[in-house]
Amino acid sequence: MLVKDENAMSDRWGKRPSDRSIGELLEAGVIALDKPAGPTSHQVTAWAKDIFGMKKMGHGGTLDPNVSGVLPLCLGKAMRLTDLVLSSDKEYICLMRLHRDRDEKRIRKVMSEFTGKIYQFPPVRSAVKRQLRIRTISALDIIEISGRDVLFKVLCDAGTYIRTLCTDIGEALGCGASMSELRRSRSGSMNENESATMFDLKDSYVFWQQHGREEWIRSIVMPMEVLVEPLPKIIVKASAVDAVCHGADLNIRGIHMLDEDIRKNALVALMTARGELIALGTMMMSSPKIMATFQGKAVKVTRVMMSAGTYPRMWKFSTDLEVTLSNSVDILSMGK
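6 is the number of the first residue of the sequence shown in the numbering used here; add one for each residue after it.
Hints should not be assumed to be uniformly reliable.
Below, computed lysine-lysine pairings styled on BS3-like, alpha-carbon distance capped at 30 Å [stated by the list, open to error]:
#, residue 1, residue 2
1, 82, 20
2, 238, 61
3, 60, 20
4, 20, 238
5, 238, 294
6, 54, 20
7, 20, 305
8, 294, 82
9, 122, 238
In short, the hints are calculated from the structure, not lab data.
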(Lines of atoms letter the chains of each structure in order from A and count residues from 1; the text may use other names and numbers.)
(Lines give C-alpha, C1' and ligand atoms only; values in the text may rest on other atoms or scores of the structure.)
Protein backbone atom coordinates (compact mmCIF):
# COMPACT_ATOMS: atom_id res chain seq x y z
CA MET A 1 0.00 0.00 0.00
CA LEU A 2 1.00 3.62 -0.44
CA VAL A 3 2.05 5.28 2.82
CA LYS A 4 0.59 8.78 3.10
CA ASP A 5 1.77 9.53 6.64
CA GLU A 6 4.66 7.57 8.16
CA ASN A 7 4.29 9.34 11.51
CA ALA A 8 0.71 8.28 12.27
CA MET A 9 0.28 7.30 15.91
CA SER A 10 0.24 3.61 16.70
CA ASP A 11 -3.18 1.99 16.87
CA ARG A 12 -3.73 1.10 20.54
CA TRP A 13 -7.50 0.67 20.35
CA GLY A 14 -9.97 -1.60 18.66
CA LYS A 15 -9.73 -5.33 18.13
CA ARG A 16 -8.56 -7.47 15.24
CA PRO A 17 -11.49 -9.29 13.59
CA SER A 18 -9.82 -12.63 14.37
CA ASP A 19 -9.81 -11.75 18.09
CA ARG A 20 -13.56 -11.11 18.33
CA SER A 21 -15.65 -13.30 20.59
CA ILE A 22 -18.29 -15.63 19.17
CA GLY A 23 -20.96 -13.27 20.43
CA GLU A 24 -19.35 -10.38 18.56
CA LEU A 25 -19.10 -12.45 15.40
CA LEU A 26 -22.78 -13.35 15.60
CA GLU A 27 -23.61 -9.64 15.88
CA ALA A 28 -21.76 -8.82 12.66
CA GLY A 29 -20.68 -11.95 10.82
CA VAL A 30 -21.02 -13.87 7.59
CA ILE A 31 -21.66 -17.55 6.87
CA ALA A 32 -21.01 -19.32 3.58
CA LEU A 33 -23.89 -21.80 3.70
CA ASP A 34 -23.90 -24.85 1.45
CA LYS A 35 -27.56 -24.71 0.51
CA PRO A 36 -29.11 -28.08 -0.37
CA ALA A 37 -31.40 -28.55 -3.34
CA GLY A 38 -35.08 -28.44 -2.36
CA PRO A 39 -35.81 -25.64 0.12
CA THR A 40 -35.92 -21.98 -0.87
CA SER A 41 -33.19 -19.52 0.11
CA HIS A 42 -35.70 -17.84 2.44
CA GLN A 43 -36.45 -21.14 4.17
CA VAL A 44 -32.82 -22.10 4.88
CA THR A 45 -32.20 -18.57 6.18
CA ALA A 46 -35.14 -18.97 8.57
CA TRP A 47 -33.73 -22.31 9.76
CA ALA A 48 -30.32 -20.72 10.37
CA LYS A 49 -31.96 -17.90 12.36
CA ASP A 50 -33.69 -20.46 14.55
CA ILE A 51 -30.47 -22.41 15.11
CA PHE A 52 -28.60 -19.33 16.33
CA GLY A 53 -31.61 -17.74 18.01
CA MET A 54 -31.11 -14.52 16.06
CA LYS A 55 -33.54 -11.77 15.08
CA LYS A 56 -31.62 -10.38 12.11
CA MET A 57 -30.20 -12.54 9.34
CA GLY A 58 -30.45 -12.25 5.57
CA HIS A 59 -29.13 -14.04 2.52
CA GLY A 60 -27.15 -12.53 -0.32
CA GLY A 61 -28.08 -13.76 -3.79
CA THR A 62 -31.18 -15.94 -4.06
CA LEU A 63 -30.77 -19.50 -5.31
CA ASP A 64 -33.72 -21.31 -6.89
CA PRO A 65 -35.09 -24.16 -4.76
CA ASN A 66 -33.57 -26.87 -6.99
CA VAL A 67 -30.15 -25.18 -7.09
CA SER A 68 -27.51 -26.02 -4.48
CA GLY A 69 -24.27 -24.36 -3.44
CA VAL A 70 -22.86 -21.29 -1.76
CA LEU A 71 -25.46 -19.00 -0.22
CA PRO A 72 -23.93 -16.16 1.86
CA LEU A 73 -25.80 -15.42 5.07
CA CYS A 74 -25.29 -12.00 6.66
CA LEU A 75 -25.80 -11.79 10.42
CA GLY A 76 -26.85 -8.73 12.41
CA LYS A 77 -25.03 -5.57 11.37
CA ALA A 78 -23.49 -7.37 8.37
CA MET A 79 -26.93 -7.31 6.72
CA ARG A 80 -26.12 -3.73 5.73
CA LEU A 81 -23.47 -5.16 3.38
CA THR A 82 -25.82 -7.54 1.56
CA ASP A 83 -25.67 -5.39 -1.57
CA LEU A 84 -21.93 -6.11 -1.85
CA VAL A 85 -22.71 -9.83 -1.91
CA LEU A 86 -25.44 -9.36 -4.50
CA SER A 87 -23.14 -7.44 -6.85
CA SER A 88 -20.13 -9.78 -6.56
CA ASP A 89 -19.21 -12.18 -9.37
CA LYS A 90 -20.37 -15.79 -9.24
CA GLU A 91 -19.09 -19.21 -10.33
CA TYR A 92 -21.40 -22.10 -11.24
CA ILE A 93 -21.13 -25.75 -12.21
CA CYS A 94 -23.90 -26.60 -14.65
CA LEU A 95 -25.16 -29.78 -16.30
CA MET A 96 -26.81 -28.93 -19.62
CA ARG A 97 -28.92 -31.36 -21.64
CA LEU A 98 -29.01 -31.00 -25.44
CA HIS A 99 -32.29 -31.93 -27.11
CA ARG A 100 -30.58 -33.48 -30.14
CA ASP A 101 -27.22 -35.03 -30.88
CA ARG A 102 -24.41 -32.69 -31.88
CA ASP A 103 -20.75 -33.23 -32.72
CA GLU A 104 -18.46 -32.56 -29.76
CA LYS A 105 -16.20 -30.32 -31.80
CA ARG A 106 -19.15 -28.14 -32.77
CA ILE A 107 -20.36 -27.98 -29.19
CA ARG A 108 -17.00 -26.73 -28.00
CA LYS A 109 -16.76 -24.17 -30.78
CA VAL A 110 -20.22 -22.72 -30.17
CA MET A 111 -19.81 -22.56 -26.41
CA SER A 112 -16.46 -20.79 -26.75
CA GLU A 113 -18.34 -17.94 -28.40
CA PHE A 114 -20.38 -17.33 -25.24
CA THR A 115 -17.57 -15.53 -23.41
CA GLY A 116 -17.19 -11.81 -22.95
CA LYS A 117 -20.27 -9.59 -23.05
CA ILE A 118 -23.54 -11.34 -23.85
CA TYR A 119 -27.17 -10.24 -24.12
CA GLN A 120 -29.86 -11.88 -22.01
CA PHE A 121 -33.59 -11.68 -21.41
CA PRO A 122 -34.50 -12.82 -17.86
CA PRO A 123 -36.72 -15.93 -17.74
CA VAL A 124 -40.51 -15.47 -17.67
CA ARG A 125 -40.58 -16.66 -14.06
CA SER A 126 -38.14 -14.14 -12.61
CA ALA A 127 -38.38 -11.40 -10.01
CA VAL A 128 -36.96 -8.71 -12.31
CA LYS A 129 -38.37 -6.81 -15.26
CA ARG A 130 -38.01 -8.68 -18.55
CA GLN A 131 -35.78 -6.38 -20.54
CA LEU A 132 -32.59 -6.94 -22.48
CA ARG A 133 -29.55 -6.99 -20.21
CA ILE A 134 -25.80 -7.12 -20.82
CA ARG A 135 -23.75 -9.51 -18.71
CA THR A 136 -20.11 -10.58 -18.84
CA ILE A 137 -19.03 -14.22 -18.98
CA SER A 138 -15.42 -14.15 -17.79
CA ALA A 139 -14.79 -17.85 -18.38
CA LEU A 140 -16.75 -20.83 -19.67
CA ASP A 141 -14.88 -24.15 -19.38
CA ILE A 142 -16.30 -27.48 -20.53
CA ILE A 143 -15.53 -30.18 -17.97
CA GLU A 144 -17.03 -33.17 -19.75
CA ILE A 145 -19.27 -34.08 -22.68
CA SER A 146 -21.15 -37.37 -22.60
CA GLY A 147 -23.67 -37.81 -25.39
CA ARG A 148 -26.21 -35.04 -25.03
CA ASP A 149 -25.04 -34.09 -21.51
CA VAL A 150 -22.55 -31.21 -21.20
CA LEU A 151 -20.95 -30.41 -17.83
CA PHE A 152 -19.32 -27.00 -17.68
CA LYS A 153 -18.09 -24.32 -15.27
CA VAL A 154 -18.93 -20.66 -15.79
CA LEU A 155 -17.58 -17.51 -14.13
CA CYS A 156 -19.96 -14.60 -14.63
CA ASP A 157 -21.39 -11.31 -13.46
CA ALA A 158 -24.02 -11.15 -10.78
CA GLY A 159 -27.49 -11.40 -12.29
CA THR A 160 -26.50 -13.81 -15.06
CA TYR A 161 -29.20 -16.44 -15.68
CA ILE A 162 -27.56 -19.80 -16.31
CA ARG A 163 -30.88 -21.36 -17.36
CA THR A 164 -31.17 -18.69 -20.06
CA LEU A 165 -27.52 -19.25 -21.02
CA CYS A 166 -28.26 -22.94 -21.65
CA THR A 167 -31.29 -22.05 -23.76
CA ASP A 168 -29.25 -19.59 -25.83
CA ILE A 169 -26.48 -22.15 -26.38
CA GLY A 170 -29.09 -24.66 -27.55
CA GLU A 171 -30.46 -22.16 -30.05
CA ALA A 172 -26.96 -21.42 -31.35
CA LEU A 173 -26.40 -25.16 -31.82
CA GLY A 174 -29.75 -25.48 -33.60
CA CYS A 175 -30.89 -28.33 -31.40
CA GLY A 176 -32.29 -26.74 -28.26
CA ALA A 177 -30.95 -27.24 -24.73
CA SER A 178 -32.04 -26.96 -21.13
CA MET A 179 -30.42 -26.82 -17.72
CA SER A 180 -30.59 -30.13 -15.85
CA GLU A 181 -28.68 -29.33 -12.66
CA LEU A 182 -26.92 -26.29 -11.24
CA ARG A 183 -24.60 -25.64 -8.31
CA ARG A 184 -23.06 -22.33 -7.26
CA SER A 185 -19.45 -23.04 -6.36
CA ARG A 186 -18.43 -19.48 -5.47
CA SER A 187 -20.04 -16.17 -4.56
CA GLY A 188 -17.59 -13.29 -4.36
CA SER A 189 -14.75 -14.33 -2.05
CA MET A 190 -16.69 -17.28 -0.57
CA ASN A 191 -16.26 -20.68 -2.18
CA GLU A 192 -17.72 -24.12 -1.61
CA ASN A 193 -14.54 -25.45 0.04
CA GLU A 194 -15.19 -23.25 3.08
CA SER A 195 -18.98 -23.51 3.08
CA ALA A 196 -20.93 -25.17 5.90
CA THR A 197 -24.03 -27.36 5.77
CA MET A 198 -27.13 -26.87 7.92
CA PHE A 199 -25.94 -29.80 10.04
CA ASP A 200 -22.61 -28.03 10.58
CA LEU A 201 -24.44 -24.92 11.78
CA LYS A 202 -26.52 -26.87 14.29
CA ASP A 203 -23.71 -29.07 15.60
CA SER A 204 -21.18 -26.24 15.91
CA TYR A 205 -23.68 -24.11 17.85
CA VAL A 206 -24.44 -26.98 20.25
CA PHE A 207 -20.72 -27.67 20.76
CA TRP A 208 -20.21 -23.99 21.66
CA GLN A 209 -23.30 -23.54 23.85
CA GLN A 210 -23.25 -26.84 25.73
CA HIS A 211 -19.58 -27.80 25.74
CA GLY A 212 -17.78 -24.48 25.47
CA ARG A 213 -15.92 -25.57 22.35
CA GLU A 214 -15.80 -22.70 19.89
CA GLU A 215 -13.28 -23.87 17.28
CA TRP A 216 -15.94 -25.27 14.96
CA ILE A 217 -18.36 -22.33 15.05
CA ARG A 218 -15.44 -19.89 14.75
CA SER A 219 -14.44 -21.59 11.49
CA ILE A 220 -17.99 -21.15 10.18
CA VAL A 221 -18.93 -17.60 11.25
CA MET A 222 -16.54 -15.18 9.56
CA PRO A 223 -16.11 -11.46 10.35
CA MET A 224 -18.09 -9.10 8.14
CA GLU A 225 -14.77 -7.78 6.78
CA VAL A 226 -14.62 -10.72 4.36
CA LEU A 227 -17.38 -9.02 2.35
CA VAL A 228 -15.17 -6.01 1.54
CA GLU A 229 -12.11 -8.03 0.50
CA PRO A 230 -12.64 -7.24 -3.22
CA LEU A 231 -12.85 -3.49 -2.56
CA PRO A 232 -9.87 -1.09 -2.60
CA LYS A 233 -8.97 0.02 0.91
CA ILE A 234 -7.83 3.06 2.82
CA ILE A 235 -6.25 2.75 6.28
CA VAL A 236 -7.56 5.55 8.48
CA LYS A 237 -5.45 7.10 11.23
CA ALA A 238 -6.56 6.11 14.73
CA SER A 239 -7.05 9.81 15.50
CA ALA A 240 -9.66 10.13 12.73
CA VAL A 241 -11.63 6.89 13.23
CA ASP A 242 -14.23 8.23 15.64
CA ALA A 243 -14.87 11.24 13.42
CA VAL A 244 -15.77 8.91 10.56
CA CYS A 245 -17.95 6.87 12.94
CA HIS A 246 -19.92 10.05 13.59
CA GLY A 247 -20.53 10.46 9.85
CA ALA A 248 -17.71 12.84 8.95
CA ASP A 249 -16.13 12.56 5.52
CA LEU A 250 -12.48 11.54 5.46
CA ASN A 251 -9.99 14.31 4.79
CA ILE A 252 -6.51 13.66 3.42
CA ARG A 253 -4.96 14.42 6.80
CA GLY A 254 -6.82 11.42 8.25
CA ILE A 255 -5.23 8.88 5.88
CA HIS A 256 -2.40 6.61 7.00
CA MET A 257 -2.15 4.30 3.96
CA LEU A 258 -4.14 3.49 0.83
CA ASP A 259 -4.16 1.09 -2.09
CA GLU A 260 -2.53 2.08 -5.34
CA ASP A 261 -4.45 3.18 -8.43
CA ILE A 262 -7.83 3.83 -6.80
CA ARG A 263 -9.91 5.83 -9.25
CA LYS A 264 -12.04 8.84 -8.46
CA ASN A 265 -15.68 7.88 -7.66
CA ALA A 266 -14.65 4.31 -6.80
CA LEU A 267 -16.30 2.56 -3.85
CA VAL A 268 -13.72 2.03 -1.08
CA ALA A 269 -13.59 0.41 2.34
CA LEU A 270 -12.23 2.53 5.19
CA MET A 271 -10.29 0.30 7.58
CA THR A 272 -8.33 0.62 10.81
CA ALA A 273 -4.74 -0.54 11.06
CA ARG A 274 -6.07 -3.60 12.88
CA GLY A 275 -8.20 -4.61 9.90
CA GLU A 276 -11.59 -3.44 11.24
CA LEU A 277 -14.16 -2.09 8.83
CA ILE A 278 -15.08 1.49 9.71
CA ALA A 279 -17.22 2.59 6.78
CA LEU A 280 -17.76 2.55 3.04
CA GLY A 281 -17.28 5.63 0.94
CA THR A 282 -16.81 7.15 -2.49
CA MET A 283 -13.42 8.45 -3.60
CA MET A 284 -13.43 12.20 -4.21
CA MET A 285 -10.00 12.04 -5.86
CA SER A 286 -7.65 9.34 -7.16
CA SER A 287 -4.77 7.74 -5.24
CA PRO A 288 -2.09 9.72 -7.15
CA LYS A 289 -3.92 12.98 -6.39
CA ILE A 290 -4.13 12.10 -2.69
CA MET A 291 -0.42 11.34 -2.58
CA ALA A 292 0.38 14.65 -4.28
CA THR A 293 -1.59 16.93 -1.94
CA PHE A 294 -2.09 17.46 1.79
CA GLN A 295 -5.48 19.14 2.01
CA GLY A 296 -9.00 18.43 0.88
CA LYS A 297 -11.72 15.81 1.14
CA ALA A 298 -10.50 12.37 0.08
CA VAL A 299 -13.56 10.15 0.67
CA LYS A 300 -17.25 10.92 0.99
CA VAL A 301 -18.56 8.51 3.62
CA THR A 302 -21.76 6.79 2.50
CA ARG A 303 -22.24 4.01 5.07
CA VAL A 304 -20.83 3.83 8.61
CA MET A 305 -20.35 0.31 9.98
CA MET A 306 -18.37 0.85 13.20
CA SER A 307 -20.14 2.11 16.33
CA ALA A 308 -19.15 5.56 17.57
CA GLY A 309 -17.02 5.37 20.70
CA THR A 310 -15.12 2.26 19.63
CA TYR A 311 -12.10 4.55 19.28
CA PRO A 312 -11.59 7.64 21.49
CA ARG A 313 -12.66 11.03 20.23
CA MET A 314 -9.64 13.02 19.06
CA TRP A 315 -11.25 15.68 16.90
CA LYS A 316 -13.31 18.85 17.13
CA PHE A 317 -15.67 20.82 14.90
CA SER A 318 -14.36 24.05 13.47
CA THR A 319 -16.62 27.06 12.81
CA ASP A 320 -17.20 26.02 9.20
CA LEU A 321 -18.40 22.59 10.38
CA GLU A 322 -15.53 20.69 8.76
CA VAL A 323 -13.98 18.00 10.94
CA THR A 324 -10.37 18.78 11.82
CA LEU A 325 -7.82 17.02 13.96
CA SER A 326 -6.84 18.47 17.29
CA ASN A 327 -3.24 19.46 17.85
CA SER A 328 -0.74 16.84 18.88
CA VAL A 329 -0.91 17.78 22.57
CA ASP A 330 -4.69 17.26 22.66
CA ILE A 331 -4.42 13.97 20.79
CA LEU A 332 -1.80 12.54 23.10
CA SER A 333 -3.58 13.67 26.24
CA MET A 334 -6.92 12.22 25.15
CA GLY A 335 -5.34 9.00 24.00
CA LYS A 336 -3.95 8.18 27.45
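A quick look at each hint next to the structure:
1. Of the pairs offered as hints, the one joining residue 82 and residue 20 holds, with about 17 Å between alpha carbons and a cut-off of 30 Å not exceeded.
2. About 27 Å separates the Cα atoms of residue 238 and residue 61, which keeps this hinted pair within 30 Å; it holds.
3. Only pairs whose Cα atoms come within 30 Å are accepted, and residue 60 paired with residue 20 is accepted, the gap being roughly 25 Å.
4. A distance of roughly 18 Å separates the Cα atoms of residue 20 and residue 238; the hinted pair therefore holds under the 30 Å criterion.
5. In summary, the hint linking residue 238 to residue 294 is supported, as the alpha carbons are separated by about 16 Å, within the 30 Å threshold.
6. As the CA atoms of residue 54 and residue 20 are separated by approximately 26 Å, the hinted pair is consistent with the 30 Å bound.
7. For the proposed pair residue 20 and residue 305, the alpha carbon gap of about 25 Å is at most 30 Å, so the pair holds.
8. For the suggested pair residue 294 and residue 82, the alpha carbons sit about 33 Å apart, so the restraint of at most 30 Å is broken.
9. Distance restraint check for residue 122 and residue 238: the Cα-Cα separation of roughly 28 Å lies within the 30 Å cut-off, and the hinted pair is therefore satisfied.
In this structure, only the earlier hint numbered 8 is contradicted, and the remaining ones agree with it.
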